[in-house]
Amino acid sequence: MFVGSLELDVLLGDVRSLKQKRSAVRPLLADLRKRFDVAVAEAGHLDLHRRALVGVVTVAADGEHVRDVLDACERFVAARPELELLSAHRRLLGPDDD
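As numbered in this note's numbering, residues 20 to 117 make up the sequence shown, in order.
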């Protein structure tokens with residue numbers, strides 16, 4: 020079993036309140052869940068209205084599949100015109116990891 024996680028630090032566009040932030044982030048999370056069948060949540064920068072840390076996790080029997088899914092999620096977020104992807108960090112845990 021392989022578990023992959025991806026942290027995406029994003030800068031939101033013209034957002035002036037936490038309420039506007041929720042209405043920008045919620046559809047992004049839903050799209051990632053639906054399109055890639057991953058677990059996803061807003062995991063950081065909760066008190067900042069123009070930044071969001073999005074966490075994505077997937078599990079599979081094949082490490083290459085996990086990498087492909089995380090790559091696709093990163094490309095999907097980077098292509099969104101309403102936000103800017105500032106950084107992406109990933110981790111992959113496999114059967115040999117403690």
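Please note that the accuracy of each hint is not assured.
To be verified - Across the chosen pairs, the derived CB separations fall in these ranges:
id, residue 1, residue 2, range
1, 56, 110, 17 to 23 Å
2, 41, 105, 36 to 42 Å
3, 32, 79, 20 to 26 Å
4, 81, 28, 26 to 32 Å
5, 39, 116, 23 to 29 Å
6, 113, 45, 28 to 34 Å
7, 82, 54, 18 to 24 Å
8, 83, 32, 20 to 26 Å
9, 113, 35, 40 to 46 Å
Since the hints were made in silico from the structure, they are not lab data.
By construction, the Cβ of each residue, glycine as well, lies at the ideal position given by its N, Cα and C atoms.
What are the numbers of the hints the structure violates, in ascending order?
2, 3, 5 and 8
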